[in-house]
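Colleague: Chain by chain, the residues run as shown.
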Amino acid sequence: MGKNSSNNSDAMIQALHLTKLYKIPHEKRATLFETVLGHLRNQMSYEDFYALRDVSFEIKRGEMVGLIGKNGSGKTTLLKILAGIVPSTSGTFAVNGKVAPLLSLSVGFHHELTAEENLYLYGAILGMPRKTIRTSLTHVFRFAGVERFKDMKLKNFSSGMVARLAFAMMVQTDPDILLLDEIFAVGDKDFIPQCLEVIEDYRRRGKTILIASHNLETVSKYCSRTMLLEGGEIKIFDETKKVVEAYEKNGKR
Amino acid sequence: MSRLRHYINLVYELSWLDFKLKYYGSVLGLFWSFLKPFMMLAILYVVFFYFLEVGIPDYQVYLLLGIVFWNFFADATKDSTTSITAKTGLLQKTNLSPIIVVVSAIMHSFWTFIINLAIFFVFFFAFGHHLSWSILMLPVFVMLTMLLTVGVSFLIVPLYMRFRDLGHIWDIFLQMLFWATPIVYQYTSVPEEYVRWYLLNPVARLIVDARNATIYNFFPAAEQILITTAIVLVTLAVGWAVFKRYGQEFVEQL
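Sequence lines, in order, name chains L and P.
Numbering of the first sequence is given in our numbering, commencing with residue 1 and proceeding in unit increments.
Numbering of the second sequence is given in our numbering, commencing with residue 1001 and proceeding in unit increments.
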């Protein structure tokens, strides 16, 4: 699971029969006391919920792939498995290169700390040594357009400014594969095109991007291929135009 | 950058972050965490030295060293249980390992432990005590205490994630263990037929040996150190196995 393979350099992400099963207890028992009581009454029952079911696909170098589907269709679960955040129940996947282990631009920051202090933590999570972080800070602040506020506590930042910082920092680590989950939920009119420009530039440099979004316009504009998930299964994985059309038709019905 | 260096870097950043956060917005900052052992010392000293009249030589430093070691073990294990839930956002959205989160929480208490030890020595010399070569053993006991704390935390964190009332249970257990450890009294006061069992408590063994090396200037017996090391390593190995097995599920249970 999740091993790096250097052969077959064209396929950047290869997933085979990925399945994720969540066991959801009928009654949530969070304490030992409740569990003991539950066992005594012989009532420990679970509901099986397949967040992903037998998902196989391949994404090639230099592709930007969209990931669409309704809420709860398995988009985030798939990204989480590929990023190594949660293990899959069965199935395997291989990624060829460095994955940015970061799905969202709005969490993970600590609001009582200054922007600069946050970036040191963030950089460490992304796998950057402290020295590299120090040298790239100026660039990050300039890209995010928040140089003046670097010593301000993050709680005084807007969510858009936080997203700018996070994105700027992530780009600094120069990953081969970007996994992005709904990054356009925050950020203003200037920032989203700025992000997309960077992402597009990334793709041109032969990097691979998998982006989950509800924004069909963005997906249509930038993604060559798109995967439509429904109930944890791949409904269609084809050229974006066809997939978006099918999705829209489905939605109207 | 190698994986290990990445992990070390992460532990450093996360523990330093916790350290800073803890003292942001408190006027006296760090002062409070160093006041705590001295408040404990004052109370226990008055009760046991004046009221109960225990006749332990050099009781001030005897008591303080025990308190400093005990506080590290108690605070670090308590902090580790809540560390996972405190970092929910990071664990759900990045590939940060839960192991790193737990070790960072312990490291954070470890910094306080080291500074408390430094203050202990100020106190130690102020009371006119002297060191001998046996002090060289102290770092060994400090490291063993650290490893023991990591092992115990690895064992209790999965339990806490599964059963949230473990926080209360652990608090009660720590209170019991406090009195089952020779912090305010000497282990020689324990009835002889129970000493064998009593000395299975690794915290007790570590505190006794640390005092021997620091205050009473003699090298603890090698076979006793070996037994302590064995208990610590077994705890660590079992903790590691349990954590490896259940650690991945944490992120899903958040």
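Hints were generated in silico from the structure; no laboratory data involved.
Bear in mind that the values here come from a model prediction, so they are computed numbers and not experimental data.
There could be a bad hint or two in this list.
To be verified - Pulled from the structure, derived: some chain P residues nowhere near chain L, Cβ distances all over 12 Å: (1) Leu1035; (2) Gly1167; (3) Ile1227.
As the list claims (entries may be wrong) - Each computed DSS-like pair below joins lysine-lysine, with the alpha-carbon atoms no more than 27 Å apart: (4) Lys189/L x Lys235/L; (5) Lys249/L x Lys23/L; (6) Lys1022/P x Lys150/L; (7) Lys153/L x Lys189/L; (8) Lys1020/P x Lys1078/P; (9) Lys1244/P x Lys98/L; (10) Lys155/L x Lys1020/P; (11) Lys131/L x Lys1020/P; (12) Lys60/L x Lys23/L; (13) Lys1078/P x Lys1036/P; (14) Lys98/L x Lys131/L; (15) Lys1020/P x Lys23/L; (16) Lys150/L x Lys189/L; (17) Lys1020/P x Lys153/L; (18) Lys1020/P x Lys150/L; (19) Lys153/L x Lys98/L; (20) Lys131/L x Lys155/L; (21) Lys98/L x Lys23/L; (22) Lys1244/P x Lys131/L; (23) Lys70/L x Lys60/L; (24) Lys1022/P x Lys1036/P; (25) Lys153/L x Lys1022/P; (26) Lys155/L x Lys1022/P; (27) Lys241/L x Lys221/L.
What the hints assert, rightly or not - Covered stretches of chain P, going by a simulated chain L footprint (3 or more residues, C-beta under 8 Å): (28) 1009-1021; (29) 1105-1112.
Glycine residues also receive a C-beta, built at the ideal position from the N, C-alpha and C atoms.
Colleague: Are the hints correct? Go through all of them and say.
Modeller: Comparing the hints with the structure gives:
Distance check for Leu1035/P against chain L: the nearest CB is about 23 Å away, which clears 12 Å, and the non-interface claim stands. With a minimum CB-CB distance of about 10 Å to chain L, Gly1167/P fails to clear the 12 Å threshold, and the non-interface call is violated. No Cβ of chain L approaches the Cβ of Ile1227/P within 12 Å, the least distance being about 32 Å, so the stated non-interface status holds. The suggested pairing of Lys189/L with Lys235/L is violated, with an alpha-carbon distance near 32 Å, which exceeds 27 Å.
The straight-line distance between the Cα atoms of Lys249/L and Lys23/L is roughly 33 Å, outside the 27 Å bound, and the hint therefore fails. Using a Cα cut-off of 27 Å, the hinted pair Lys1022/P and Lys150/L holds, with the two alpha carbons roughly 21 Å apart. Of the pairs offered as hints, the one joining Lys153/L and Lys189/L holds, with about 24 Å between alpha carbons and a cut-off of 27 Å not exceeded. About 19 Å separates the Cα atoms of Lys1020/P and Lys1078/P, which keeps this hinted pair within 27 Å; it holds.
This hinted pair checks out: Lys1244/P and Lys98/L have alpha carbons roughly 24 Å apart, not beyond 27 Å. Between Lys155/L and Lys1020/P, the direct Cα distance comes to roughly 16 Å. Compliance with the 27 Å bound is thereby established for this hinted pair. About 20 Å separates the Cα atoms of Lys131/L and Lys1020/P, which keeps this hinted pair within 27 Å; it holds. Taken as a hint, the Lys60/L and Lys23/L pair is broken in the structure, with Cα atoms around 33 Å apart against an allowance of 27 Å.
Under the criterion of a C-alpha separation no larger than 27 Å, the hint pairing Lys1078/P with Lys1036/P is consistent with the structure, at around 16 Å. About 20 Å separates the Cα atoms of Lys98/L and Lys131/L, which keeps this hinted pair within 27 Å; it holds. This hinted pair does not check out: Lys1020/P and Lys23/L have alpha carbons roughly 38 Å apart, beyond 27 Å. Annotation: proposed proximity of Lys150/L to Lys189/L holds, straight-line Cα distance about 22 Å (limit 27 Å).
A distance of roughly 13 Å separates the Cα atoms of Lys1020/P and Lys153/L; the hinted pair therefore holds under the 27 Å criterion. Restraint check for Lys1020/P and Lys150/L: satisfied, since their Cα atoms lie roughly 17 Å apart, inside the 27 Å limit. For the proposed pair Lys153/L and Lys98/L, the alpha carbon gap of about 31 Å is over 27 Å, so the pair is violated. Between Lys131/L and Lys155/L the CA atoms are separated by roughly 26 Å; this keeps the pair inside 27 Å, and the hint holds.
Restraint check for Lys98/L and Lys23/L: the C-alpha separation of about 31 Å exceeds 27 Å, so the hint is violated. Between the alpha carbons of Lys1244/P and Lys131/L the distance comes to roughly 31 Å, so the proposed pair goes past 27 Å and is violated. Between Lys70/L and Lys60/L the alpha-carbon distance is near 25 Å, which keeps this suggested pair within the 27 Å criterion. Among the hinted pairs, Lys1022/P with Lys1036/P is consistent with the structure: their alpha-carbon atoms are about 15 Å apart, no more than 27 Å.
Note on Lys153/L and Lys1022/P: the hinted pairing holds, with a Cα-Cα distance of about 15 Å set against a maximum of 27 Å. Simply put, Lys155/L and Lys1022/P have alpha-carbon atoms about 17 Å apart, close enough for the 27 Å limit, and the pair holds. A distance of roughly 9 Å separates the Cα atoms of Lys241/L and Lys221/L; the hinted pair therefore holds under the 27 Å criterion. Residues of the stretch 1009-1021 of chain P lying with their CB closer than 8 Å to a CB of chain L number 8, which satisfies the three-residue condition for coverage.
Counting residues of the stretch 1105-1112 of chain P whose C-beta sits closer than 8 Å to any C-beta of chain L gives 0, which falls short of three, so the coverage hint is violated.
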